[in-house]
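Going line by line, the protein sequences match chains R and L.
Read left to right, the first sequence gives residues 1 to 87 (this note's numbering).
Read left to right, the second sequence gives residues 1 to 89 (this note's numbering).
Fair warning: there could be bad hints in the mix.
[Unchecked claim] Here are the simulated DSS-like cross-link-like pairs (lysine-lysine), alpha carbons at most 25 Å apart as the crow flies: (1) R/Lys35 to L/Lys5; (2) R/Lys35 to L/Lys72; (3) L/Lys5 to R/Lys22; (4) L/Lys39 to R/Lys35.
What the hints contain is simulated information worked out from the structure, not anything from laboratory work.
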Amino acid sequence: MYLGRVIGTVVCERKYEGLEGKRLLVVQPLDHEQKPSGPVEVAVDTVSARPQDIVYLVGSREAALACDPTFVPVDAAIVGLVDSVDV
Amino acid sequence: MILCKVLGTVTATVKHPAFTGRKLMIVQPLDEQQKPNGKSFIAVDHSSSAGAGDTVLVLREGGGVRQILEDKTLPIRSLIVGVVDEVDV
Numbered sequence: 001m002y003l004g005r006v007i008g009t010v011v012c013e014r015k016y017e018g019l020e021g022k023r024l025l026v027v028q029p030l031d032h033e034q035k036p037s038g039p040v041e042v043a044v045d046t047v048s049a050r051p052q053d054i055v056y057l058v059g060s061r062e063a064a065l066a067c068d069p070t071f072v073p074v075d076a077a078i079v080g081l082v083d084s085v086d087v
Numbered sequence: 001m002i003l004c005k006v007l008g009t010v011t012a013t014v015k016h017p018a019f020t021g022r023k024l025m026i027v028q029p030l031d032e033q034q035k036p037n038g039k040s041f042i043a044v045d046h047s048s049s050a051g052a053g054d055t056v057l058v059l060r061e062g063g064g065v066r067q068i069l070e071d072k073t074l075p076i077r078s079l080i081v082g083v084v085d086e087v088d089v
């Protein structure tokens, strides 16, 4: 799991079965100091995040488990809106 | 599993139900000399006793996490499973 900042949205009219109705957001992964860390990615949103929100995400197989139904072709999911990071 | 140092905590009110009541920590992977090695990430604290500055043992495999937490549907990938007292290499 890792931190990220929402920087935009993606709209797909045609998408794979199971992805209908899922919001897709463009996310910049962040390190513990909230500095950009690695390439930008597209993640499914499960918590109604908005652009500029700091969120945390889960990747790989677990991203699909965060969705309902659980067998969807996603590899990153936003699973929380971050209130604060204390380091 | 890998050795990590706990850097701090993450607080989130709005979250996926799987994370309700779970403590989120930011951890920094360490090498065998206990120096930082790689990118920091977030892990759920299962030991419930880790704090900032502690060296911990982190499981980074969702299947193992789901077995430990006894829920096959959990979207959790990283879990702190021990607080390290000593490493001899």
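Hint by hint, here is what the structure shows:
1. A threshold of 25 Å between alpha carbons decides the hint, and for R/Lys35 with L/Lys5 the separation of about 19 Å falls inside it, so the pair holds.
2. For the hint linking R/Lys35 to L/Lys72, the alpha-carbon distance of about 33 Å lies beyond 25 Å, and the restraint is violated.
3. Pair hint L/Lys5 plus R/Lys22 does not hold up; C-alpha atoms about 35 Å apart against a cutoff of 25 Å.
4. Note on L/Lys39 and R/Lys35: the hinted pairing holds, with a Cα-Cα distance of about 12 Å set against a maximum of 25 Å.
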